[in-house]
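This is what each chain is made of:
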Amino acid sequence: MKLETVLSFHPHSKPFWDASENGRLLLPLCADCDRFHWYPRPFCPHCYSFNIKWHEASGKGTVHTSSLMRRAKEPYIVAAVELEEGPIILSNIMSDDFSKAAIGARVTVGFECLNGTDRKMPVFFPDAT
Amino acid sequence: MTIKRKAFVVGAFEHPTRHCPDKSTAQLHAECAIGALADAGLSPKDVDGYFGARDIPGPNASWLVDYLGLNLTHIDCTDTGGCSYLIHISHAAQAIAAGKCKVALITLAGRPKSEGMATGTAPRDGEPDRPDVPWESPYRNTNATQYGMMAARHMHQYGTTPEQLAWVRVAASTHAQYNEHAMYRNVLTVEDILNSPVIADPLHRLDCCVISDGGGALVLTTESIARSLNKPMIPVLGCGETINTQKSGWPDFVTTGAVVSGPTAFAEAGVSIQDIKYASVYDNFTIMVIAQLEDLGFCAKGEGGRFVQDGNLISGTGSLPWNTDGGGLCNNHPQNRGGITKAIEAVRQLRGEAHPKVQVPNCDIALACGPGGVIGTGHGHATVILGRE
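As given, the protein sequences belong to chains A and B, one line each in that order. Oh and the first sequence: position 125 is 125 in our numbering, straight run, nothing missing. For our numbering, count along the second sequence from 1 and bump the result up by 1000.
If you are wondering where the hints come from, they were derived from the structure by calculation, not from laboratory data. Hints should not be assumed to be uniformly reliable.
[Unchecked claim] Computed list of lysine to any residue pairs in SDA-like fashion (alpha-carbon distance at most 25 Å, straight line):
no., chain 1, residue 1, chain 2, residue 2
1, A, Lys53, B, Val1133
2, A, Lys60, A, Phe9
3, B, Lys1004, B, Lys1247
4, A, Lys14, B, Ile1225
5, A, Lys60, B, Lys1004
6, A, Lys100, A, Gly23
7, B, Lys1247, A, Phe9
8, A, Lys53, B, Ile1225
Owing to the predicted nature of the structure, the values given are computational and were not obtained by experimental measurement.
All chains should be modelled from the sequences, with the hints used to inform the complete structure.
And the structure:
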């Protein structure tokens, strides 16, 4: 799905993609109850306030769970990454070594255009051990 | 108002086909509908309530209802993925109890095999207006990777092993050998499953369900009409349904919606785990059976792997006879939606019409449950408890 399509269907998401383009991961944070949520919504799904601001995440996280898809031309790793700020987000771990994406592995965000998208998506790289 | 004993399952039909490129989806619906009504001793002219989901051809149910020529006073197109048809049992019982209809027809049909669908391994974009899609679809998550992540997390938290997952498939294959319509009838060993290629770590190919064409249908009616038919009396005792969400960023990869739908159904039925003689538990992937059995209360959370091992789900030897038709893992998975076949096998067991090799003696209370959609994302779940009088 092209960025233009994403923005036409999800206009509230523009600041997120603008930041991704510049290498920054934004998380929606409720200015009233001070809680994060994921995926981004224009309201807080905890207290239902519409007072949402964008908070720049540290980009650090740990692998909550992961799976290596082997039935593909190039195997790839799908993972749920628990961010330092708390939310668990779906992403890819960019590594040829699945053992580096095991549960508990520490990872850091990066940004890449994936699989025909023209917008940069947050992905994660294993930290050097 | 409770729906306990307000509606009775009088017709059940599972389409024998597993691959039918020569028939339309609408024709399969019609064959299932007519088959289930004939089983009940009724005809489409008797139907006044229809229940169906997104497998209906066309944008809504009107075209299929028109195709079948039904005269309705009640319609319900609730869609929660594969468990929709279990929810339809609940909703049909509610409608019958409220007097909205007297003869309720539920159908499911589809042809993913004929249409060459790679159900488990092909990433899908999702509808562009779906609110999660911009942040998820580019990562090429699939059913197999999502359930792989579930299995990995379950193993991490509870020490569940690939061998224990394999035991689920062993039980399904042991039952499927007696089902002449099952896609896979070879009895498998734990080693067979572990030797099959890994699709999405840690899941092997044989941890995944089949892709099949086909369908099924159920007919429910009032007590008085049921007593006029020459069929065993199978009352709906209790039902539960829910959508289990991603908890706004704190998704739980090891817990299913059965934690809600199970207790709801048990409370309505007024029965306990010990009363369940047979269970149909939706088996899209082996790990999902283990997690649902835990969440229903057949064992403690985290004990599901140990519960299913050593043949404990095999009818005649294990403590919980399960999916005695071979389930989604070996029998069929029409339209990638396993809800209705789970209920159909439960009805066979309650009627004493299961294959003699897998029939549970004195089966008077049975459970059917399953998810719709994908664990760890927003997924539906439904549990139905049926009895026999």
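Worksheet item: If you draw a straight line from the CA of lysine 53/A to the CA of isoleucine 1225/B, is it 25 Å or shorter?
Response: violated, 60 Å
Worksheet entry | Agreement of lysine 1004/B and lysine 1247/B with the hint, judged by alpha carbon distance not exceeding 25 Å | violated, 32 Å
Discussion item. Just to be careful, I want the Cα atoms of lysine 100/A and glycine 23/A compared with a cutoff of 25 Å; is the pair within it?
Written reply: Distance of about 23 Å is within 25 Å: holds.
Worksheet item: Quick one, are lysine 14/A and isoleucine 1225/B close enough, alpha carbons at most 25 Å?
Response: Outside the cut-off at roughly 59 Å; violated.
Discussion item. Run the distance test for lysine 1247/B versus phenylalanine 9/A: straight-line Cα separation, threshold 25 Å.
Written reply: This hinted pair holds, its Cα atoms lying about 23 Å apart.
Worksheet item: Would the pair lysine 60/A and phenylalanine 9/A pass a check requiring their Cα atoms to be no farther apart than 25 Å?
Response: violated, 29 Å
Practice prompt. Could you grab the alpha-carbon distance between lysine 60/A and lysine 1004/B and see if it respects the 25 Å cut-off?
Written response: The hint is violated at about 52 Å.
Worksheet item: Taking only the CA atoms, is the gap from lysine 53/A to valine 1133/B under or equal to 25 Å?
Response: holds, 21 Å
Hints 2, 3, 4, 5 and 8, counting from the list given before, are not met by this structure.
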